[in-house]
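Q: First to last, the protein sequences are chains W and X.
So the first sequence is numbered by the numbering used here: it starts at 1 and just counts up by one.
So the second sequence is numbered by the numbering used here: it starts at 1 and just counts up by one.
Careful: at least some of the hints might be erroneous.
[What the hints assert, rightly or not] No farther apart than 30 Å at their CA atoms in a straight line, the calculated lysine-lysine pairs in the BS3-like style are these:
id, chain 1, residue 1, chain 2, residue 2
1, W, 62, W, 130
2, X, 134, W, 295
3, W, 125, W, 141
4, W, 125, W, 170
5, W, 295, X, 126
6, W, 62, W, 132
7, W, 295, X, 209
8, W, 295, X, 131
9, W, 166, W, 125
10, W, 62, W, 170
11, W, 141, W, 130
12, W, 141, W, 174
Everything labelled a hint here was simulated from the structure, so no lab data went into it.
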Amino acid sequence: MRNILIVAAREFRQIASMRSFWLTLLIMPLSFAIGGFAPKLIHGDDPSRVMVIDRTGGGEAKAIEQRFTLEEGRDELSRLSRYVQRHHLERADPAASWAQHDRWYTDADVAAFVSSGGVASAKAKIARVKAKDTPEFEASKPDFEFVPVPASLASAPDARLDDALKPVLKPADKTIEAVDYVILIPATFGQSPVVRLWANTQPSPGFMGPLQEVLTRDLRTRFLTGQGVNAAAAASASTIAPALAISTPPPGGGAREAMLVRSILPLAASYLLMISLMLSGSWMLQGTVEERSNKLLETVLACISPQELMYGKLLGTAGVGLFMIAVWIGCGVFAAYATQGAISDMIRPALDPLTSPGTILALIYFFVVGYVTIAVLFLAIGAMSDSMRDAQGYLMPVLLVILLPITILMQAVVAGNTGGVLLEVLTWVPIWTPFAVLARLGLGIPTWEVIGTAVLLGVFTAAEMVLLGRLFRASLLAQGQRPNLREVISRMRAVPG
Amino acid sequence: MSVLTLERVSKRFDRTIAVDDLSFSVEPGTVFGFLGGNGAGKTTSLRMMLDIIRPTSGRIEVLGRAPGRENAADIGFLPEERGLYRQMTALDTITYFGRLKGMATADARREGAALLDRFGLSANIKTTVDKLSKGMAQKVQLATALVNRPRLLVLDEPFSGLDPVNQGLLEEEIRRMSGTGSTVVFSTHVMQHAERLCDRLLLLARGRKKFEGTLDEARAELPARLTVVARQDPEKVAGVESASGQGEAETGWTRWDVRLQPGVAPGDVLERCVADGFPLRRFEQVHASLHDVFVHIVGTPETQA
Chain W
1 MRNILIVAAR EFRQIASMRS FWLTLLIMPL SFAIGGFAPK LIHGDDPSRV
51 MVIDRTGGGE AKAIEQRFTL EEGRDELSRL SRYVQRHHLE RADPAASWAQ
101 HDRWYTDADV AAFVSSGGVA SAKAKIARVK AKDTPEFEAS KPDFEFVPVP
151 ASLASAPDAR LDDALKPVLK PADKTIEAVD YVILIPATFG QSPVVRLWAN
201 TQPSPGFMGP LQEVLTRDLR TRFLTGQGVN AAAAASASTI APALAISTPP
251 PGGGAREAML VRSILPLAAS YLLMISLMLS GSWMLQGTVE ERSNKLLETV
301 LACISPQELM YGKLLGTAGV GLFMIAVWIG CGVFAAYATQ GAISDMIRPA
351 LDPLTSPGTI LALIYFFVVG YVTIAVLFLA IGAMSDSMRD AQGYLMPVLL
401 VILLPITILM QAVVAGNTGG VLLEVLTWVP IWTPFAVLAR LGLGIPTWEV
451 IGTAVLLGVF TAAEMVLLGR LFRASLLAQG QRPNLREVIS RMRAVPG
Chain X
1 MSVLTLERVS KRFDRTIAVD DLSFSVEPGT VFGFLGGNGA GKTTSLRMML
51 DIIRPTSGRI EVLGRAPGRE NAADIGFLPE ERGLYRQMTA LDTITYFGRL
101 KGMATADARR EGAALLDRFG LSANIKTTVD KLSKGMAQKV QLATALVNRP
151 RLLVLDEPFS GLDPVNQGLL EEEIRRMSGT GSTVVFSTHV MQHAERLCDR
201 LLLLARGRKK FEGTLDEARA ELPARLTVVA RQDPEKVAGV ESASGQGEAE
251 TGWTRWDVRL QPGVAPGDVL ERCVADGFPL RRFEQVHASL HDVFVHIVGT
301 PETQA
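Start from the sequences, fold in the hints, and give me the full structure.
A: If you want it as structure tokens, here you go:
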């Protein structure tokens, strides 16, 4: 055991002395941090400015603005509802629409929410019941701002608008704020469906959707009144919509969002296992290839057995992998405490699985055994290769076989697909078992399946250690060309001694 | 008790017999030379002694035990193909191998520093191996073999690739180890080193032992030779097998290369010359070199192939 620890410590120190190790270690939290800010950097905080030139008398412009206000109210109400559900704050006002999460909010719901004081009123009620460490609900900024039409544009003939709008959409003076969208509702709207839109960027779906809806509704109303239907009936016919009741069954506590939040830890464990294995495994591979190409092995093997060398390398690399994960988790915890907001808000329910000893045990078992299962493969590849170029020849197919299905698996789990033949196959094939079981833990996986796959994985890993251990021993001092499959099998069958 | 014993040891790789029925033993304090051409089985034999590979048949005893890592604390090993961890410092490298041989970290560091100092590398203690010259790295490698003050030092072709300065240093270290009572076993195909250092020799060809004994015993395998300056052809003198003229030494006198019959001592021939009144101006025994003995016993690489 002493020699294993000495080798492991050397492996750890060697990898930790590499610049690439520290760069990789920092890249992960940095990319998460940048990822968090990226949407803000890409989209900016400022709302898009909208101008509506309505030649029909102003009714259409008003309808469009009201519609956008309504959509923003619905968005705010939905966010508030999710916040209340996540923190179990329904008791603040059980009758309020934001305390009922089982339906799509209708226009009437949104109107009632706004008329009852909106976010400010809801926050006041919530403040009376929420715990001190529960974060405040942050109201979002509106996505669109409607700006008045200048007199020069209001009176400009339609044919001249193309030229007249250029300085409005792209002002030469950088101090003047540009208008992002200009909509022209011609006087003939109703008889003709044509509406013109100028935009300084590609129009976003969030803008086009409500706009289309308002204009379509008005066109239909105008059409129906033209057909002799009275105005009130025509308006009602245009606004008829189903009231959707939404329910999401357990496991996961009900809503899909809660399920995903609970899946974060197991999914993250699966993802971290993959990332840390790929990184530390490739460093271990480099180390083993270095020992072979630098003719170091004979000196080492005169002091310790090949088994001690193998276990030492595995332990050292596992140490590196776990250290990386510990640092990343540390960064996550730090971020959670530092932000006291959205991240901690997400992390708390994500830690729910840790209240179950069985889940903790399964997380640790599949993570550690999964690590060993894949790391041994890297080690055997290193022992058979005289150079990194040689090693790449073996490594690429192995990586593809392992990673490709895992990528599909992750996407399936994130999309909430917990059934399916592929998921079952990945769960029961040992090289994919750790990733599949870890990823599925949050969404729910039968206990018998966890135990069955754990036993199968244990047996597979033990057999793998024996066979690849023989391959490792037989390959260490072997020289010459890269062994073919037949030679590899023959080395695995060779019993040492 | 012998430090190293091999009894009827054979090693087969598929259809190739690398070592064939090899038996010998090495006594404590001896410098033992393992001589043979390429592919003679030297490295395979040494690897079996260190348990890096196992024999197909036969018995090996090292320091009174079967080969194994439990002997590592008492053995120093310098392989033919040498290499070091490029990113480790000289001292860390020596300490690492010292620890693998069971030394405490502090002892290994202290001994490592002393060795580096003795080898003139005290200024490079913290230099990583990739920044050392080849000669410096060779010294560090030697230090990894010596750090545990081994009772048995096993060196596989230790002089190959060494510059003359390091060759001298290694010879000095071998003598130093022998002087402190350690046993040194080294393989080589360079006869001059063996001639200068070895107490006993073993000649190996195609895995089989061809000779084992002292340097004098090895030389005795060849008929004695003389360089003689005489007026007449010495071939007629009793005990002489052949004589060939090597040119005029001085006016009227010729230099002769004389080959004696097997078992005839040069002193007997000198006595006969005096008794027979055979005039001589020079009578000198020519010692056979180990190279000659090797070629005589084992053959040239061409004849071995």
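Q: For each hint, tell me whether it holds in the structure or not.
A: Status of the hints after comparison with the structure:
no.: 1; hint: W:62 with W:130; result: violated, 39 Å
no.: 2; hint: X:134 with W:295; result: holds, 14 Å
no.: 3; hint: W:125 with W:141; result: holds, 21 Å
no.: 4; hint: W:125 with W:170; result: violated, 45 Å
no.: 5; hint: W:295 with X:126; result: holds, 22 Å
no.: 6; hint: W:62 with W:132; result: violated, 42 Å
no.: 7; hint: W:295 with X:209; result: holds, 28 Å
no.: 8; hint: W:295 with X:131; result: holds, 18 Å
no.: 9; hint: W:166 with W:125; result: violated, 48 Å
no.: 10; hint: W:62 with W:170; result: holds, 25 Å
no.: 11; hint: W:141 with W:130; result: holds, 23 Å
no.: 12; hint: W:141 with W:174; result: holds, 24 Å
Checked against the numbered hints given earlier, the structure breaks hints 1, 4, 6 and 9 and satisfies all the rest.
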